Amino acid sequence: MASLNIFFFFLVSILLSSISAKSTSRQYKWGVEYMHWSPDGVEGVVMAINGEFPGPTIRATAGDTISVELTNNLLTEGVVIHCHGISQRGTPWADGTASISQCPINPGETFVYKFKVDKAGTYFYHGHYGMQRSAGLYGSLIVEVPKDKKEPFHYDGEFNLLLSDWWHKSSHDQQIDLSSKPFRWIGEPQALLMNGRGQFNCSLAAQLSKSAAPQCKLRGDEQYAPQILHVHPNKT
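If you use mature numbering (1 follows the signal peptide of the UniProt record, and there is no 0), the sequence shown corresponds to residues -21 to -1, 1 to 215, in order.
Since the hints were made in silico from the structure, they are not lab data.
All of these numbers come straight from a predicted model, not from anything done at the bench.
Positions of the beta carbon are idealized from the N, C-alpha and C atoms, including for glycine.
Be a bit skeptical, because a hint or two may be false.
What the hints assert, rightly or not - Label-pair restraints from in silico Cβ distances: (1) Glu88 with Pro35: 16 to 26 Å; (2) Thr3 with Ser159: 23 to 33 Å; (3) Thr3 with Asn29: 14 to 24 Å; (4) Ser4 with Lys148: 37 to 47 Å; (5) His133 with Ser159: 45 to 55 Å; (6) Pro161 with His211: 48 to 58 Å; (7) Asp127 with Phe162: 51 to 61 Å.
Claimed, not checked - Simulated pairs of lysine-lysine, BS3-like, Cα-Cα distance not exceeding 25 Å: (8) Lys95 with Lys128; (9) Lys95 with Lys126; (10) Lys95 with Lys148; (11) Lys128 with Lys98; (12) Lys8 with Lys93; (13) Lys148 with Lys8; (14) Lys160 with Lys148; (15) Lys93 with Lys126; (16) Lys129 with Lys160; (17) Lys8 with Lys95; (18) Lys129 with Lys98.
Just need the whole structure built from these sequences, with the hints factored in.
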């Protein structure tokens, strides 16, 4: 009986070590701050991570553990990050819902989000405090299928496209309008951003062009220059 228990112990140990060997820990160190930016050709203020807008893309494989060390470099407001679509089984404190699963991270403080991604898919993370998502605090989270698992859908390549509305009115002004009495509607967004880039005013180009559709001539290095996607026929 004792030998059977020892055999069972070693078998469990081997299985656990095999599982842990396949999973990887993805480490990220982020700082959140405001900075001047021109997402659609009109300069404004965006909320950036490590100087990037939108924030850096997180890439992992199903079964990996993600660790994000988030430092709040804002001057007067708290911040949290919510990973949309992640189940957070066993790690509810990493869900990033302010005043529910955690207190907001105060200016100058750091909080570590550590959680496991158990399902492949395309997700995104975003600020979950006030109107910070509207200010640009968001980014992509891509969880890939493990190499020893079969991809459920065949495709030849992929593009990561992140679509978002963009207002010229600051996120703080939007928050005041939406919470005021009487209620004030913030209006329609001034631009639609694709991976943080869009165009607001092409009126000058439209006046000079004979085309019925407005046109903008860009060098390609502007903050608001559109991305060009190269695709091939008969490819998915």
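Hints, verified against the model:
A hinted range of 16 to 26 Å for the beta carbons of Glu88 and Pro35 is consistent with their spacing of about 20 Å. Separation of Thr3 from Ser159 is about 48 Å and departs from the stated range, judged on CB atoms against 23 to 33 Å. Between Thr3 and Asn29 the beta carbon distance is about 21 Å. The supplied range of 14 to 24 Å therefore holds. Checked against the given bound of 37 to 47 Å, the beta carbons of Ser4 and Lys148, roughly 41 Å apart, stay inside it.
Judged by the Cβ atoms, the range 45 to 55 Å given for His133 and Ser159 holds: they are separated by roughly 52 Å. One distance hint, 48 to 58 Å for the beta-carbon pair Pro161 and His211, holds here, with the actual separation near 54 Å. Range check, Asp127 to Phe162: Cβ separation about 54 Å, and the 51 to 61 Å hint holds. For the proposed pair Lys95 and Lys128, the alpha carbon gap of about 18 Å is at most 25 Å, so the pair holds.
Taking the CA atoms of Lys95 and Lys126, the gap is about 18 Å. The hint holds against a cut of 25 Å. A C-alpha spacing of about 37 Å is found between Lys95 and Lys148, which places the hinted pair above 25 Å, so the restraint is violated. Taking the CA atoms of Lys128 and Lys98, the gap is near 12 Å; set against the 25 Å cutoff, the hint holds. Distance check on the hinted pair: Lys8 and Lys93 sit about 12 Å apart at the alpha-carbon level, within 25 Å; holds.
Of the pairs offered as hints, the one joining Lys148 and Lys8 is violated, with about 30 Å between alpha carbons and a cut-off of 25 Å exceeded. With a C-alpha separation of about 19 Å, the suggested pair Lys160 and Lys148 falls inside the 25 Å cut-off, and the hint holds. Pair hint Lys93 plus Lys126 holds up; C-alpha atoms about 23 Å apart against a cutoff of 25 Å. The hinted pair formed by Lys129 and Lys160 fails the criterion: a straight-line CA distance of about 54 Å is larger than 25 Å.
A hinted pair counts as satisfied when its Cα atoms are at most 25 Å apart, and Lys8 with Lys95 qualifies at roughly 17 Å. Annotation: proposed proximity of Lys129 to Lys98 holds, straight-line Cα distance about 13 Å (limit 25 Å).
Hint violations for this structure: numbers 2, 10, 13 and 16, all remaining hints satisfied.
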